[in-house]
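The residues making up each chain are set out below.
There are 2 protein chains.
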Amino acid sequence: MKAFVTGGAGFIGSSLVDRLLADGHDVVAYDNFSTGRREFVNAALAHPRFTLVEGDTLNLPALTAAMAGCDVVFHLAANADVRFGTEHPKKDLEQNTIATFHVLEAMRANGIKRIAFASTGSVYGEAYVFPTPEDAPFPLQTSLYGASKLAGEGLITAYGSGFGFEGCIFRFVSILGERYTHGHVLDFYRNLRQDSTRLTVLGNGKQRKSYLYIGDCLDAMVLAMEKTRRTIEIYNLGTSEYVEVNDSIGWICEQLGVTPAIAYTGGDRGWVGDNPFIFLDNAKIRALGWTPKLTIRDGVLRTLEYLQRNPALLEARA
Amino acid sequence: MKAFVTGGAGFIGSSLVDRLLADGHDVVAYDNFSTGRREFVNAALAHPRFTLVEGDTLNLPALTAAMAGCDVVFHLAANADVRFGTEHPKKDLEQNTIATFHVLEAMRANGIKRIAFASTGSVYGEAYVFPTPEDAPFPLQTSLYGASKLAGEGLITAYGSGFGFEGCIFRFVSILGERYTHGHVLDFYRNLRQDSTRLTVLGNGKQRKSYLYIGDCLDAMVLAMEKTRRTIEIYNLGTSEYVEVNDSIGWICEQLGVTPAIAYTGGDRGWVGDNPFIFLDNAKIRALGWTPKLTIRDGVLRTLEYLQRNPALLEARA
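These protein sequence lines are chains X and A, in that order. Each residue of the first sequence is one higher than the one before, counting from 446 in the working numbering. Each residue of the second sequence is one higher than the one before, counting from 446 in the working numbering.
No lab work stands behind these hints: they were computed from the structure. Quantities reported herein were computed from a predicted structural model and do not represent experimental measurements. A few of these clues could be false.
It does not matter which identical chain is meant; a pair holds if it fits inside one copy or across any two.
[As the list claims (entries may be wrong)] In silico EDC-like cross-links for lysine to aspartate or glutamate, where the CA-CA straight-line distance does not exceed 20 Å:
id: 1; residue 1: K535; residue 2: D501
id: 2; residue 1: K558; residue 2: E671
id: 3; residue 1: K558; residue 2: E532
id: 4; residue 1: K651; residue 2: D632
id: 5; residue 1: K447; residue 2: D664
Assemble the whole structure, with the sequences as input and the hints as a guide.
Rendered as C-alpha cells:
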C-alpha cells in the first residue's frame, strides 16, 4: 500500500507516518510546515519507502501531483486551534473546509477512493447525551473549528454517496503523547517552568474532558481502515473515561514536585465555545477489537515527560 | 426594519421581498441574476422602499458595501440544484458554503447580527426517523448540495456562539408556487407539452416527498424570525403530509387532461443521492402558531396553473 499523509510532519501525522513505514507501507507525507516540524520526519527521511513533499493543501495542482500513485489518503492537515477561531474565521474555512475539498478533488483526479479523515468530537457542539455516540442528535456548532470539520465530514460522506469514496472519519478527543505540540499539558508545564508558585486556570477547573494517547489513536485508525470497505464509517476515538482539568493539574504538579497557588478565571468553561464536558462513546471502535492501552493519567504523564525531554517544543508557534 | 435579501430575484427571495415590502419594511435585494429573473422584481422596483443591487455573494467587498445600514439578512442565494452536484462539485462549495461565510463576514463588518438562512431537508441525508425532527440522529450527507448547506448551518451556529448572532435556519422541503422555476412540476409539464402521450419518470415513481407552498413558507419564515431573539433556532418547514411522485403525476395529468403512457427508469430513487423518502417533523414551527394553508395537491396545482400562464419559464436555464 502507498499512503499519502497530509499534515505528515505534524504531531499525529508524523506519528502515523512512522507507524505506516514500520508496517511495511510506502508513504508520501505532504506538509506546509506551518505547524509541522522537520525533526518529526527526520527518522522517516532515512527510510527508502518515504517521500516528503513540502506543499500546501490550498495549492490544488501541487496536491494533485504529489498524490499520484497513492492508494489511500490520510487527511490530517488542519488548523487544529479550537480556541482562537473567532480571531480569524477565514483560517478554519480555508485550512479545514476548503483544504478537505481540495484533498477530495485531488483524489478524484488520481482515481483514489480510500480516505481517512481526522475530525473532532467538537462537531457534537455542546452535546447532551453522554457518553456521546456517533449518531447523537443533530448538533449546533459552538466553534468555527468544529463547524469547519463538520463541513469536511459532510463533503467526505457526500463523495462517498456521489463518487463511491470509502474510508473512515475519526472524531478525536484531544490526543496526547510524544510530539504533542499544543494543549493544556504544554500550557501548564510552560507556565509552571516560568513560575512554579502560581498557576492560572481558565474556567473553574471542573471542565470534564477526555483524552487519548497517540499510540492508542494510531492503533484505532489503522484497524478501522483495514476493516472498512465500500462505506464511509464514522468512529469516535477516545478512552472510556474522562477527567477534570483539576485532576490533570494534580498529576502534572505531582510529577514536577510543585505546589502552585491556583487562580481560576471562573465560569464553567475556559473560553467562548469551550465545551465543559467532552466524553465520547467508543463502543463502535471497541466492537472492532480495539481497546486503549493507556489511561488518561498515563497519557498526561507520558506527554509531560516528553516535553521535559524536549523543552524546545515549549517555544513552538502552535 | 431594513432587510437584506440575498438571492432576492429568485423564486423564494423575490416572493419574500414582496412580502417584506407589503409588511412595511425597507428591503435591499442582492442578486447576481445567475438564476434570478428580472421580471420577478419588476413590481418591487416600483416601490420607494426597495433597492436592487446586482452583485455576487462571492464578491465580499461588494456584498459588505451593499449590506450597510440593514438590520437583518435573509440569506437565500444558493446553488439550489441538488441533482447535478457531482458534475461540478466546486459549485456547491463556492455558491453555498463560501457564499454563506461571506454573508456572515459582511454582517460582522456591518455590525448586523440577525440572520435567516434557507437550508434544506437534504441535510438529513437518508434519514431513518419519520417524520424527521430537527434533532434527528447525526446524519451522513448523500449530496454535495446537502453537504454545502450543512456547512452553512455549522458556520451560522458557530457565529451564534462566537459572535452572538441570532436568527433562524430553515430546513425546507421542496417549495412550490408562483415563480417556481425548477423541479418536478416544471419538468413533467415541459415534457408533456412536447409529447402528451408519454412521460418518463426517474425511479419507480413511488418516492415519497413532501412539498410546501410558497405562501405558507413565507408565513413561517416571517413568524419564526419575529419570535427569535438571542438564539439560533432551527426549523423544519414542510407540510404535515407527504405524497408519492405518482400522486403528483396523476394531479398534473388530470389538470392537463392527458393520459400519457408512463415509463419508469426504475429503482427506488431518481438519481444518485436522491432521497426516496422525505417527510419532516413540523411540530416546532407549528408550536409557534403556524399552520400550512394549502395541501400538497393544492400547491402542485397552483404551480402548474402558474406555469401554464407563464410558459416562458419553461425555457429558463435553471
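Regarding K651 and D632, is the shortest C-alpha distance of 20 Å or less found within a copy, between copies, in both, or in neither? within (17 Å within a copy, 59 Å between copies)
Within a copy, between copies, both or neither: where do K558 and E532 come within 20 Å Cα-Cα? between (35 Å within a copy, 17 Å between copies)
20 Å Cα threshold - placement of D501 relative to K535: Cα proximity of K535 and D501: in one copy and across copies (16 Å, 19 Å).
When no copy is specified for K447 and D664, does a C-alpha distance of 20 Å or less occur within a copy, between copies, both, or neither? The answer is within: 18 Å in one copy meets 20 Å, while 56 Å across copies does not.
How would you classify K558 and E671 at a CA-CA limit of 20 Å: within, between, both, or neither? within (14 Å within a copy, 46 Å between copies)
Every hint from the earlier list agrees with this structure, and none is contradicted.
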